[in-house]
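*Asks:* For reference, the chains in residue letters:
Protein chains: 2
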Amino acid sequence: MLSFAEENYLKTIYHLSEEIDGAVSTNAIAESLNTKAASVTDMIKKLSNKGILSYQKYRGVHVSESGKKAALQVIRKHRLWETFLVDKLKFNWDEVHEVAEQLEHINSALLIKRLDEFLAYPKFDPHGDPIPDENGEYKSKPQVALNHVKADTIGIIVSVKDTSNAFLKYLDKIGIYLGAKVKILEKVEFDGSLEIQIDSKKTVFISKEVSENIWISE
Amino acid sequence: MLSFAEENYLKTIYHLSEEIDGAVSTNAIAESLNTKAASVTDMIKKLSNKGILSYQKYRGVHVSESGKKAALQVIRKHRLWETFLVDKLKFNWDEVHEVAEQLEHINSALLIKRLDEFLAYPKFDPHGDPIPDENGEYKSKPQVALNHVKADTIGIIVSVKDTSNAFLKYLDKIGIYLGAKVKILEKVEFDGSLEIQIDSKKTVFISKEVSENIWISE
DNA sequence: TATGATTTTTAGATATATCTAAAAATATTT
DNA sequence: AAATATTTTTAGATATATCTAAAAATCATA
Ligand SMILES: [Mn+2]
Ligand SMILES: [Mn+2]
Ligand SMILES: [Mn+2]
Ligand SMILES: [Mn+2]
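Chains A and B supply the protein sequences, listed in that same order.
Just so we're aligned, residue 4 is where the first sequence starts under the working numbering, counting upward by one.
Just so we're aligned, residue 4 is where the second sequence starts under the working numbering, counting upward by one.
For the record, the hints were derived by calculation from the structure and aren't laboratory data.
You may find that some hints are simply not true.
Pairs involving identical chains hold if they fit within one copy or between any two copies, as the list cannot separate such chains.
In silico lysine-lysine, DSSO-like type, Cα no more than 27 Å apart, as pairs [said to hold, decoys possible]:
no., residue 1, residue 2
1, Lys-93, Lys-164
2, Lys-49, Lys-116
3, Lys-184, Lys-144
4, Lys-172, Lys-116
5, Lys-126, Lys-91
6, Lys-190, Lys-172
Between the sequences and the hints, there should be enough to build the whole structure, so can you do that?
*Replies:* Quick look at the structure:
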């Protein structure tokens, strides 16, 4: 059994390890968790004693096989709860993350089994992220960031990579949502900004930074 | 904001204060929470510094007005979650308490508002206990324990006072559930045990101890 | 490769929540 | 009312999770 703090470290370290190739550094973990490097060192010692991380002093950490399994279960719970909040409790997609951060630590196999069933075994959460199954397996949709496709491309928005309140509220405002059809009308070479058309209707301009966080399936 | 531990103490002390008239003793709290008297003394000092309890050394504690309000909100969350688990996730009434003990500490006003709405504003939980509203108000059904009524009485089972696994599973086995119609066929003077008929069909014998924990509305 | 910058670890504190053992206060019984 | 029993509090430890400041290791670069 992992504590809340241990689960939060594990989840963060797992996410970081997916982004980069080598070992995950102490400072990267500290920054992600808004904590201090000294605290991270203490915790990674604890987690590596439990066999969840492998750790060499001054060399960063890797997530072990058992660690990956445990991390994916926390992620599974997080995303199932987010789906519940949106599908059943009518939360907006920018309102779910904080609550899911709490709910993901509730410990009951039966609860998660029944929740999954109740939600009709969803494969993706409200941000388009895949929901791992009870064995930690999941499939991602083939997808590409809007800033990586060329003009005239048409696709369906399948996920958003920034899940901050501010970003999601902005997407709401300009009419972007998962499942929307989008066409690249123009790509400005100078700053990488885009003019796009949503659902063959409204056209909007988005910055390169925004386009990097919107992923489509062509 | 109260911590998990503080909320658990408060809820327990509130329940004890409802059962008895005077102050709640250190030992009673320790026994309820399966902890030691020394730990209780520490915690009640903390809670009385926060204005949630009033406390005089060696004289036990009383729950303040603000304490009552906070306690009823935790109880509200506990009972709403139990209702969710039974009504939506098909939990049996003996499977919900442990999970609700965790869920009751999730902190989100929106979540509870929407959950209440999703459940269609339930007034009683799966054990027949009243669910306080957002102001802490609730109504109990008029009710009496089976061991306090005389032979030939007919009533509807409206709540069960023991919510342990073992007791609830036993009730399942003998066919007793909330809403069942029950008639007292015979009361044995010697040991207070009862022969009762359920839904005008099956008749069963129950001990006095069991009858004290089944409450009906006549 | 030596030197300075950066990263990481260690040492030592603090806060929460718990415990055991001893002391103090209160309650009960003779 | 004194002696005894019970309850409650205090003193001092332990475990978790955090922090700051200083030391040690590693990295970057001149
Ligand atoms: Mn999230
Ligand atoms: Mn998500
Ligand atoms: Mn309960
Ligand atoms: Mn209940």
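*Asks:* Checking an output row: Lys-172 and Lys-116, CA cutoff 27 Å. Within, between, both or neither?
*Replies:* between (31 Å within a copy, 22 Å between copies)
*Asks:* Checking an output row: Lys-93 and Lys-164, CA cutoff 27 Å. Within, between, both or neither?
*Replies:* within (21 Å within a copy, 35 Å between copies)
*Asks:* Classify it for me, Lys-184 with Lys-144: is the Cα-Cα distance of at most 27 Å met within a copy, between copies, both or neither?
*Replies:* Within one copy only: 16 Å inside, 54 Å across.
*Asks:* Give the relationship of Lys-49 and Lys-116 under a CA distance limit of 27 Å: within one copy only, between copies only, both, or neither.
*Replies:* neither (30 Å within a copy, 39 Å between copies)
*Asks:* Pop the pair Lys-126 and Lys-91 into one bin, within, between, both or neither, using alpha-carbon distances up to 27 Å.
*Replies:* Classified as both: same-chain Cα gap 16 Å, cross-chain 20 Å, threshold 27 Å.
*Asks:* Checking an output row: Lys-190 and Lys-172, CA cutoff 27 Å. Within, between, both or neither?
*Replies:* within (24 Å within a copy, 66 Å between copies)
When held up to the earlier numbered hints, the structure conflicts with hint 2 and nothing else.
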